[in-house]
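As given, the protein sequences belong to chains A and B, one line each in that order. Residue numbering for the first sequence follows this note's numbering, beginning at 18 and increasing consecutively. Residue numbering for the second sequence follows this note's numbering, beginning at 351 and increasing consecutively.
What the hints contain is simulated information worked out from the structure, not anything from laboratory work. Please note that a few of the clues may not be correct.
Which residues of chain B face chain A? A few of them, derived with a C-beta cut under 7 Å, are [stated by the list, open to error]:
no.	residue
1	352
2	364
3	366
4	377
5	378
6	381
7	390
8	392
9	394
10	396
11	408
12	422
13	441
14	444
15	450
Just so you know, even glycine gets a beta-carbon here, dropped at the ideal spot from N, CA and C.
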Amino acid sequence: MADFVELWTYLSATPLFGLTATLLVYVVFTAIYQESGQSPWLNPVLWSIVALGAALLWLDLPYQRYFSGAQFIHFLLGPAVVSLAWPLWQRRAELRRYFWRLIAAGFLGGAVSALSAYGLARLLGLPESIAWSLIPKSVTAPVAMGLAQTIGGIPELAAVFAVLSGLIGALLGRMVFTWIRVSQQTEGWTRRGFALGTVSHGIGAARAIQVNPQAGAYAGLALALQVVLASLWIPLLSVWLRA
Amino acid sequence: MLALIGFTLLLLFQVLGEALALVLPLNLPGPVIGLLLLWPALKSHWIRERIAAVADFLLANLSLLFVPVGVGVIIHLDVLVPIWWQILLILVFSTVLGLVVTVGVLAALFKGSDHDKGNDQHG
């Protein structure tokens, strides 16, 4: 037993621990998700976060130690954002043709979501720093962190809010679309995908890709557009809200 | 090799983006500038082939990349636990509203356009 404790102490201190744990847990939950016929309630991101978070708390391991290994995965978010140029390029014909309409939908959807979150937070009496951290929640986590920093929010909280918004969109998307009667034909899938990418970034897009290829392509397009749009309007908005 | 060169290209464009982000008086994050620079470069078949080899893999597993930062929620539990229901209410409300508005704007703007007509023939 002493040997086991020693081994565990050694392993849990190396970056290998956080990296392996993240991949292992994610691979297992993804397998369960696939096995279940991709039920939105078995979202692998959600359960990986819950399982890893609970394990760290239970084992009394500091997050920093976990992150020393998990940062190698986290780091890939930067190149992943750059690689969004690829789905945008693939859809360049539609993008050129419907440019202003897609910009308008992405901008209005993203801005209404952000402003309603900010307004509701102030209405419920939450501290200002939390309200500001809610604004970039529709943008993919690394960009949300940078934007939160710029406008005076808390980057780590902004990342958590962005991940949660992604999960909520992935979980409730189908219900909302059925409720507002979006069709399940090509143009309906286009709208579902675009809306999920706009409001729920990479996590919503990951869900859309699994449900329908047309929805997936437009979710990728919307997520890339939202990154660019939000990076432009969120700093301006903060100036306006403070004026 | 294709994917390896593709990954190197992604990093180079990110580096370029981060460098420009420091110099330019814009608030755009470095990777976003990298994205905007990569877009026109994709006209080159050589670059496209290599970027596609890595981008498809990276984007297909995009949701994994959110796990490390998501686990970070545990260091903010002291802030979040006392206001958890407000946060949940805000996030659910604003996310659903955002979905509805986006779909609504698309429906209004594409009403009766060639986009819908073209698709009706398939559907």
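Consistency of the hints with the structure:
1. 352: violated (14 Å)
2. 364: Hint holds; residue 364(B) Cβ to chain A Cβ min 5 Å, cut 7 Å.
3. 366: Hint on residue 366(B): violated, closest Cβ of chain A at ~10 Å, above 7 Å.
4. 377: Holds - the Cβ of residue 377(B) comes within 7 Å of chain A, reaching about 4 Å at its closest.
5. 378: holds (5 Å)
6. 381: holds (4 Å)
7. 390: violated (9 Å)
8. 392: holds (4 Å)
9. 394: It is violated, given that the least Cβ distance between residue 394(B) and chain A is near 11 Å, above 7 Å.
10. 396: With a closest approach of 14 Å, the residue 396(B) hint is violated.
11. 408: Check passed: Cβ of residue 408(B) comes within 5 Å of chain A, closer than 7 Å.
12. 422: Constraint on residue 422(B) satisfied, holds at 6 Å.
13. 441: holds (5 Å)
14. 444: holds (4 Å)
15. 450: Holds - the Cβ of residue 450(B) comes within 7 Å of chain A, reaching about 6 Å at its closest.
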